[in-house]
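A.B. asks: Residues per chain, in single letters:
2 protein chains.
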Amino acid sequence: MISRNTTTLLKRLSPTLRIAMPNSHLYAHHGSPFKRTESTQSLISLNRNPFKITVIGSGNWGTTIAKVVAENTQHFPHLFQKDVNMWVFQEKIDGENLTDIINTKHQNVKYLPNIDLPENLIANPDLLDSIKGADILVFNVPHQFLPKIVESLKGQVKPWVRAISCLKGFEVGKKGVQLLSSYITDELGIQCGALSGANLAPEVAKEHWSETTVAYQLPKDYKGEGLDVDHKVLKALFHRPYFHVNVIDDVAGISIAGALKNVVALGCGFVEGLGWGNNASAAIQRIGLGEIIKFGQTFFPESRVQTYYQESAGVADLITTCSGGRNVKVAKHMAKTKKNAFEAEKELLNGQSAQGIITCKEVHEWLYTCEMTDEFPLFEVVYQIVYNNFPMEGLPEMIEELGPIEE
Amino acid sequence: MISRNTTTLLKRLSPTLRIAMPNSHLYAHHGSPFKRTESTQSLISLNRNPFKITVIGSGNWGTTIAKVVAENTQHFPHLFQKDVNMWVFQEKIDGENLTDIINTKHQNVKYLPNIDLPENLIANPDLLDSIKGADILVFNVPHQFLPKIVESLKGQVKPWVRAISCLKGFEVGKKGVQLLSSYITDELGIQCGALSGANLAPEVAKEHWSETTVAYQLPKDYKGEGLDVDHKVLKALFHRPYFHVNVIDDVAGISIAGALKNVVALGCGFVEGLGWGNNASAAIQRIGLGEIIKFGQTFFPESRVQTYYQESAGVADLITTCSGGRNVKVAKHMAKTKKNAFEAEKELLNGQSAQGIITCKEVHEWLYTCEMTDEFPLFEVVYQIVYNNFPMEGLPEMIEELGPIEE
Numbered sequence: 044m045i046s047r048n049t050t051t052l053l054k055r056l057s058p059t060l061r062i063a064m065p066n067s068h069l070y071a072h073h074g075s076p077f078k079r080t081e082s083t084q085s086l087i088s089l090n091r092n093p094f095k096i097t098v099i100g101s102g103n104w105g106t107t108i109a110k111v112v113a114e115n116t117q118h119f120p121h122l123f124q125k126d127v128n129m130w131v132f133q134e135k136i137d138g139e140n141l142t143d144i145i146n147t148k149h150q151n152v153k154y155l156p157n158i159d160l161p162e163n164l165i166a167n168p169d170l171l172d173s174i175k176g177a178d179i180l181v182f183n184v185p186h187q188f189l190p191k192i193v194e195s196l197k198g199q200v201k202p203w204v205r206a207i208s209c210l211k212g213f214e215v216g217k218k219g220v221q222l223l224s225s226y227i228t229d230e231l232g233i234q235c236g237a238l239s240g241a242n243l244a245p246e247v248a249k250e251h252w253s254e255t256t257v258a259y260q261l262p263k264d265y266k267g268e269g270l271d272v273d274h275k276v277l278k279a280l281f282h283r284p285y286f287h288v289n290v291i292d293d294v295a296g297i298s299i300a301g302a303l304k305n306v307v308a309l310g311c312g313f314v315e316g317l318g319w320g321n322n323a324s325a326a327i328q329r330i331g332l333g334e335i336i337k338f339g340q341t342f343f344p345e346s347r348v349q350t351y352y353q354e355s356a357g358v359a360d361l362i363t364t365c366s367g368g369r370n371v372k373v374a375k376h377m378a379k380t381k382k383n384a385f386e387a388e389k390e391l392l393n394g395q396s397a398q399g400i401i402t403c404k405e406v407h408e409w410l411y412t413c414e415m416t417d418e419f420p421l422f423e424v425v426y427q428i429v430y431n432n433f434p435m436e437g438l439p440e441m442i443e444e445l446g447p448i449e450e
Numbered sequence: 044m045i046s047r048n049t050t051t052l053l054k055r056l057s058p059t060l061r062i063a064m065p066n067s068h069l070y071a072h073h074g075s076p077f078k079r080t081e082s083t084q085s086l087i088s089l090n091r092n093p094f095k096i097t098v099i100g101s102g103n104w105g106t107t108i109a110k111v112v113a114e115n116t117q118h119f120p121h122l123f124q125k126d127v128n129m130w131v132f133q134e135k136i137d138g139e140n141l142t143d144i145i146n147t148k149h150q151n152v153k154y155l156p157n158i159d160l161p162e163n164l165i166a167n168p169d170l171l172d173s174i175k176g177a178d179i180l181v182f183n184v185p186h187q188f189l190p191k192i193v194e195s196l197k198g199q200v201k202p203w204v205r206a207i208s209c210l211k212g213f214e215v216g217k218k219g220v221q222l223l224s225s226y227i228t229d230e231l232g233i234q235c236g237a238l239s240g241a242n243l244a245p246e247v248a249k250e251h252w253s254e255t256t257v258a259y260q261l262p263k264d265y266k267g268e269g270l271d272v273d274h275k276v277l278k279a280l281f282h283r284p285y286f287h288v289n290v291i292d293d294v295a296g297i298s299i300a301g302a303l304k305n306v307v308a309l310g311c312g313f314v315e316g317l318g319w320g321n322n323a324s325a326a327i328q329r330i331g332l333g334e335i336i337k338f339g340q341t342f343f344p345e346s347r348v349q350t351y352y353q354e355s356a357g358v359a360d361l362i363t364t365c366s367g368g369r370n371v372k373v374a375k376h377m378a379k380t381k382k383n384a385f386e387a388e389k390e391l392l393n394g395q396s397a398q399g400i401i402t403c404k405e406v407h408e409w410l411y412t413c414e415m416t417d418e419f420p421l422f423e424v425v426y427q428i429v430y431n432n433f434p435m436e437g438l439p440e441m442i443e444e445l446g447p448i449e450e
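First to last, the sequence lines map onto chains A and B. For the first sequence, the working numbering gives the first residue as 44, with consecutive numbering after it. For the second sequence, the working numbering gives the first residue as 44, with consecutive numbering after it.
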C-alpha cells in the first residue's frame, strides 16, 4: 500500500534512481536531482548584486565547509558570486605555499587530503584582502585563534556584512556565558549566526549524507527579502544533496548544545572505559541531554527546548560525539589506566586537547558562582572526576544523590 | 570549588567509597549505601499485608527482572512478601526440569547462565498456581506468547490485582494502535502499567549500572496510600543501586517509544551497512525520535513529549537499540549483501525475527489507513526498503521529499 505522494515519488526515482550517495560529486557540476529544494531556492530573486562569500579558516572543517559553499555559489549564480575566498593561515609544504597548492592542485593537501575542491574556491593568505567586498563571512577556525583574528578584523568590516560562526561552543567566564556568535557581533558590530550539527568533517568531505543546523536571527537593520541575508539565502548557501540543512532562529540553543556535548562525551568515555556497556552510555547521554536543556533554559531562556531534542545540532550531534572522538577516547583511557586527564591527553592527543576538559571546568566555575552545581549532577561529577580525582565508579551514586533533572 | 551539598557527599563517599558498581551484589544482602532512596522508601508504611509478587516469564529479560524484584522484596519486608514466584515454561535440561534447576542451583542455566539468583525467587511451572495470592503480576514473556497466557489467566485474576508489562511495544491493526498494557487491562480487567528502558538484559543481569522507566496510572478503584500499588511502591519494587528507576504516568509514551525504536534501528543499519558513517546514523536517530514523538502526539495525544526525549524508555533506549542488536544487524546485512530482509533474517537470526520488520509493516498499514504515510517519511522509507525493494541509497532523498518533521 502506497499513498499517492509516495507513488509519484517512487515513479520519479525508480528504476533510474538518479541519486548518487555517497558519490554525489557526480552531479555536483551537473545540477542536483533534488528538485524540490532546488526549485524552492531558485525562486529567491535578488534585488541587489549577488552576495560575495569569504570563508575564514582552512582546517579540515573549514575546508569542508568552504567546499560546500563553493559548490553552491556555482549552483545559484543569481544569488552568489561564483568565486569564494578562503583565508588560509600560510604554511610551507615541501617548500611550496599551501595557498598555491590549493589554488593549482585544488586540494588542501595538509588538512583535507584526497578531497577535490571546486576550482572557484580561492585560497588567500592575506586576511584583510580575503574579506574585501565580502557580504557574508563564514568563521571556521580553531576556538583559540578566534580572538586574534577578530582583533585583526576590527574596524575593517562594514556593518551590513553578515556572519556565520561554525565554531562550536561558548566562552564561560565569571561574568557568565557568552556565545561565540555574540562575541563576533560585539567585537565587529556585525550580525552573526551559527552552523552546528552531527558533522564529522571527513564524512561530510567525502559527501556521505549528513544533516546540520544553521541558526540566524534577522538583525534590526535587515533590509528585506532580496536585499539581505535571510533563512532562504542561508539554506541556498549551505544545503547540498549530501548535507541537509535546517535553518532556525535559535543561535543560543545550537551553540550551547555544541559546547556541552563534549562534557557528556567524557562521561560516556568513563562508563565505557569501566566496561559498563551500552545501557550505561545511553543513560549518560539521556542525563546529559537533560542537563543541556536545563542549562539552556536557565541561562538562555529564549532558547527553545525543541532545538535540543529535534535538531541535528542537538541530539544528533550529541549521539555522534558520544560514539567516538577525542573526549570519549581520553575518558576511556583514564578509566582503563587510572591516569589523570592531563596524562591521558598527553599520551593520546599529541599536544592537542579534548575540549570537554576545558568546558567542564568553565561550566563548573560558572555554576559554582550561581550556587547551582547540585542541579547539574552529571556536569559536576565529570568535573570532580577530571579535576579532583573523584573515583569514577561513584558516578551513578553522585548523579542519584545530587538530584534528578526534573523535580 | 565545591558547593556545600557536593562537599558533604564527597566526604561521605571518600576515601572509603562504598559504591560497588559493577560489583554491587556485594551489598545486595547487606543494605544499600544509597541512603536517600532507601530512607525515602522506608517511609512507605502499609496498612495491609505486604504485597505478593509473581513474575510471568523466565527468558533472559524475565529472569533478570525477577532477580531485581526478588532482591527488593528481601530489602523491604514491610512492603513485600519475601518469596517471589516466577512462572517458567517447563523444559527439560539434560533430563532435569528447568524449574528444579532454578530452585536448587539458583541459576537459570538455559536463559541467563552464570548469574546467581536470589534464593527467594521460586520457579513454578504451573501458571495458575504461580499467581495464587499475587497482588502484583509482572508480565515478561515474548510478545507472541502473550495472547495464550492471557487466555489462560482469564477469569482467574482478582480485579484488585495490579500488573506491569515489561513487553515492549504495541499491536497495530486496521482498527488502530493498542498498547500491550491496555490489552492486558481489557482482557483481564486489571490495571496495568509498563516498564521499559535502555536495558540490554545481560548488562542488567551483571549489575552494570543502567536506568529504566516505569509508567503506571492509578486506577479508578485505587484504595489509597498504604493500601494499594502506587508510584512509591513500584519504585521500591524495581529500583536497585545498579538499576535506577524513574516512575511516571505516561504508559502510552514509553510503550510507543519501545516499539518504534526498532523501525529506526533498521534505518541506522541501512546507512551503516552502506558505509555512510556516524553522521548518517545520528541523523536517522534524530529523524526517528521526531517521528516517534509525532506518532505519539497524533495517536495518543495524552502522552507527554518529555517522555520521548527525557526518559530512559525514550531517547536512551533508542540510542542503545541503534548502537547494536538484531534490527541493526539485519539491516546492515541487507545493505552489504543486497539480500532482502527475510533472507537476511534467515541467515543471521536462526529462526528468530527482527521486531522492526514486523513493526514497520504494521505502522505502514495503520498510517496508510489514516492517509498519513507522507508525514512519517523515515518509517515509510524503511517500510518501502523492506517490503518493496526500494533502493536504500534513496533514503535521504525520500526523507527530504516526503516532508520535514515540522512544517
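It cannot be assumed that every hint is accurate.
Pairs involving identical chains hold if they fit within one copy or between any two copies, as the list cannot separate such chains.
[What the hints assert, rightly or not] Calculated cross-link-like contacts (lysine-lysine; reagent style BS3-like; alpha-carbon spacing at most 27 Å): (1) K249 / K379; (2) K125 / K249; (3) K218 / K275; (4) K249 / K135; (5) K249 / K381; (6) K275 / K337; (7) K191 / K218; (8) K201 / K95; (9) K266 / K404; (10) K337 / K278; (11) K95 / K375; (12) K275 / K375; (13) K95 / K379; (14) K275 / K372; (15) K372 / K95; (16) K372 / K249; (17) K201 / K372; (18) K372 / K153; (19) K372 / K125.
In short, the hints are calculated from the structure, not lab data.
A.B. asks: Run every hint past the structure and note whether it holds.
C.D. replies: Against the structure, the hints come out as follows:
no.: 1; hint: K249 / K379; in the structure: between (33 Å within a copy, 19 Å between copies)
no.: 2; hint: K125 / K249; in the structure: within (22 Å within a copy, 60 Å between copies)
no.: 3; hint: K218 / K275; in the structure: neither (35 Å within a copy, 42 Å between copies)
no.: 4; hint: K249 / K135; in the structure: within (25 Å within a copy, 55 Å between copies)
no.: 5; hint: K249 / K381; in the structure: between (37 Å within a copy, 23 Å between copies)
no.: 6; hint: K275 / K337; in the structure: between (30 Å within a copy, 26 Å between copies)
no.: 7; hint: K191 / K218; in the structure: within (21 Å within a copy, 64 Å between copies)
no.: 8; hint: K201 / K95; in the structure: within (13 Å within a copy, 76 Å between copies)
no.: 9; hint: K266 / K404; in the structure: neither (41 Å within a copy, 50 Å between copies)
no.: 10; hint: K337 / K278; in the structure: between (29 Å within a copy, 25 Å between copies)
no.: 11; hint: K95 / K375; in the structure: neither (45 Å within a copy, 43 Å between copies)
no.: 12; hint: K275 / K375; in the structure: neither (42 Å within a copy, 36 Å between copies)
no.: 13; hint: K95 / K379; in the structure: neither (51 Å within a copy, 43 Å between copies)
no.: 14; hint: K275 / K372; in the structure: neither (39 Å within a copy, 39 Å between copies)
no.: 15; hint: K372 / K95; in the structure: neither (40 Å within a copy, 47 Å between copies)
no.: 16; hint: K372 / K249; in the structure: both (24 Å within a copy, 25 Å between copies)
no.: 17; hint: K201 / K372; in the structure: neither (43 Å within a copy, 54 Å between copies)
no.: 18; hint: K372 / K153; in the structure: within (24 Å within a copy, 37 Å between copies)
no.: 19; hint: K372 / K125; in the structure: neither (41 Å within a copy, 45 Å between copies)
The structure is inconsistent with the numbered hints 3, 9, 11, 12, 13, 14, 15, 17, 19, although it conforms to all the rest.
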